Amino acid sequence: MKKFFSDFYAAINKEPWSYVVTFGLMIIGSVMVYNVPRSLSAFLVLMLSPMAMYFLKMNNKVKLFAGLVLAIVILPVLGIRNIFYLEVIFQICVFAALALGLNIVIGMAGLLDLGYVAFYAVGAYTWAFFGSKQISLLHSVPGAAPANAPFFLENPNWFWLFIFLGVGLAAFAGILLGLPVLRLRGDYLAIVTLGFGEVIRVLALNLDKPLNITNGPQGITPIQRPTLSPVLLDPLRRILEPVVGHEITTAQFYNVFFYFLALVVIIIAVIVARRLEDSRIGRAWTAIREDETAAIAMGIPLVKMKLAAFASGAAFAGAMGVIYAANRTFVSPETFSFLQSIGVLSMVILGGLGSIPGVIIGAAVVVFLNIQVLQTFSLYLSSLRQSDAVIPIINFAWKNLSTQLDPAKYQKLIFGVILVVMMIFRPSGLIPAERRKRELAGETEDSD
Amino acid sequence: MALLETKDVVKRFGGLTAVNKMNFTLEKGQIASIIGPNGAGKTTFFNTLTGIYKPEEGSIEFNGHSLVGLRPDQVAERGIARTFQNIRLFGSMTVIENILVGMHTRLKQRGTDVLFRTKAFYEEEAAAEARAKELMDYVGLKNVGNELARNLPYGGQRRIEIARALAANPTLLLLDEPTAGMNPNETEEAIKLFRRIRDEKGITVLLIEHDMRVVMNISERISVMDYGEKIAEGTPAQIRSNQRVIEAYLGREAAAAQA
Amino acid sequence: MNQYVVIAFAILLGMVIAGGLAVTVERVAYKPLRNAPRLVPLISAIGMSFFLQDAVRLILGLTTGEFNVILPKFGTFDAFQTFNVAGLDAPVQLQNKTILLIAVTIVMLVGLNYLVNGTKIGKAIRAVAQDRPTASLMGINVNLIISITFLIGGALGGAAGVLFALKVTRLDPFVGFFPGLKAFTAAVLGGIGNLTGALLGGIVLGLLESFGASYLGIFTQGAFGAEYKDIFAFAILIAILIFRPSGLLGQTVGQKA
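Chains as they are written, first to last, in this note's numbering: chain A, 270 to 717; chain B, 963 to 1221; chain C, 348 to 604.
I should point out that these hints are in silico values taken from the structure, not numbers from a laboratory.
As the structure is a prediction and not an experimental result, all values here were calculated from the model.
Restricting the straight-line Cα-Cα distance to at most 27 angstroms, the calculated cross-link-like pairs of lysine-lysine (DSSO-like) are:
| hint | chain 1 | residue 1 | chain 2 | residue 2 |
| --- | --- | --- | --- | --- |
| 1 | A | Lys-478 | C | Lys-576 |
| 2 | C | Lys-470 | C | Lys-378 |
| 3 | B | Lys-1081 | B | Lys-1095 |
| 4 | B | Lys-1192 | B | Lys-983 |
| 5 | A | Lys-402 | A | Lys-478 |
| 6 | B | Lys-969 | B | Lys-1016 |
| 7 | A | Lys-283 | A | Lys-326 |
| 8 | B | Lys-1070 | A | Lys-573 |
| 9 | C | Lys-420 | C | Lys-444 |
| 10 | B | Lys-990 | B | Lys-1154 |
| 11 | B | Lys-1016 | B | Lys-983 |
| 12 | B | Lys-1081 | A | Lys-330 |
| 13 | B | Lys-1095 | B | Lys-1070 |
| 14 | A | Lys-573 | B | Lys-1081 |
| 15 | A | Lys-573 | B | Lys-1016 |
Please build the complete structure, drawing on both the sequences and the hints.
The structure is reproduced here in structure tokens:
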């Protein structure tokens, strides 16, 4: 069986078959999705094409072209027909950026941060606070807000500045976290960072008095989004509406907008991460991870480097936090729980500690699992419940299965299993970092 | 002025005095050795010199500046490089990368250079890589630049450690049992290499060694430690005939080494 | 049936089940990782903790469908005893179940102390903790000892769980998360490796939390109050690890190159 797969892989891994496979997947997938937007198999076929692009041997310019076509033309159009795709890609990009950030802290520098979601929260709440009415509501009680409170920022395009502010504030938070934990050993470091994450969550939950900064458990909403210029929208509308077959609302355009924004940010994130990795800083981090005593004997200043790791990792989360807040127009403390920190951790572990392509794949797999697989499983279970079918062997009627049993809510189980199984069977991850040897000619940065 | 001078350095661990009033001088350009039975305090002395331990008493002066209270990375920056008794390489990095880490203090790239990939960055990295390859050749490693450090055989790993230490252009090189586990051939080559390091690069070399062939062959001065104290010091000839030293541990090995 | 007998039986059963679970978890998730770098079993443990919590939820979902369990009142344990302590204005009131909790804790401490410091098995446990290869060369069955250690730890956790349930009466699958973290904090506060220290740490932590939460409200005039109770433990943890990493009763470990 294994031989079959490796033979098959060898067969398609050379031109012209690689082209056939890639473009075939792209075209067939697109057609399938266009006609049956909600089909899982269509989704899978389409999503296999970027994987084919990454793994198979092709001319790099062609790869780039295929990637661009997929990302810029196909997905947005399909996405307008069914926002699910844009939503999934958006989530994958967000979590991939988070995973890249956490990868710097854990994978490169070897510091086990279990409270990473705190930096994401810092970014999100920063924009949530300034980009909403919260400032005028500082003295009001949650739920009793006057209806005609104004937005703080007249011009929502401050959003763009706030992305950088989010980066800065999150980096600052990273340094704050880093300072007390510098000398701590692995297990202690983990627990303290976990505590830090919880502190941020509890603060978000309770800072609705004496000043109503976070509006407590109800969260902050509505949050502004940057304006989409009509100069851009009208021509797009004219081109796309006939293709899609119906009128395109502003909301749908926003979906496409955030999809592109997330893609751009993740590409920047990958570039930044790669550049850090291949430099004195990245090597110092790896040295610290391997052997602190030897590293410091080489003249590497542990304090500065560890703080730099925390700050850099946090910066990624801060940027995405701002974008997330604007996309959802709503933030609440629930999103920033320990569960999410462990979720990002499981993406990094699954993909490969220290491996940039690995953690992106890890993020894609976990998001896909959560959004698609578990949901499908959930729906399937519901339909079974409605039928008269019976579980074989034990003859237990599906109908009698409690409605509380909803697979979509068992993320803790999934993350836990991923972590344990990966650590035991493949601790270096799906795409181990060491596979990527020193610069080989022809490595391109792919979009996802 | 001596390159390195320690006066009455004391290092205690709880009730145990590992280094007891150590007075030690090293002139620039010397090759010297510290020997002594196991547990004599030699490595502890090295660790105190390099800042891993802080001495309870005493002074350490290097090039006229005090080293006491400095962190190891600050000591490294002053120009002292070292190897370790148990090889401490960065196993998951390649040989070249290990050597590049050694160059950390000599590289100037700033955050902006790294992120924006300025010309200065590329030039520095290229120069660094070229220098790393030179150092690999210098220590006798061939064609293994892209191998993971942990995949190399023991002798190769020892060489990487030395190359890594040399990468920082140190003034003083501390070698902690550099020939441990080597066969006679490798030991011969190692001796030649240490001499070249001093002769060609002008680096002062201080070794901790157990192998008397190496010690007698290469040292211009030998200091002997036992129970944390210096019990003798002098040229190889003097040490060989020093009764106290012979008592402490030399015995018949010295005679064999001279054959 | 006598209520004490029921509680004793519950504690025993809890110890057996929890201990057995601990041994199984060790075999499955930690034993294969014994020689891996430190981070690896730590991550596996986190994964295991998540898995177990959700597994309980899954079982509850499959059986009763009710995740929140409210335990009915049991026996006379909720009744208060009053003590008049000389020098205090008002009488001190303690619930019977609190007294039981304190009593069982003291028994556990004494028993554990004896086990670890006074028996051959305890010596073996300490030996394995300090130097596993050498301990095995001395003829100690390392696998067995590690399993026994987890058995003991799990059993004590199970006993604590029964008492916790008695005290708190409202349970859900994730009820153990914070106590687990606070247990770690208490152990660090008291000094890792020191049993009396762990007890002391727990007491100090509990007192700091309770008094701190109330007084915090008073000092800040209601701005910050008891809702910050849970992160008290973390604040304390960070403070100890910065200022006194060896804990209250721990010894400072000497450095080794």
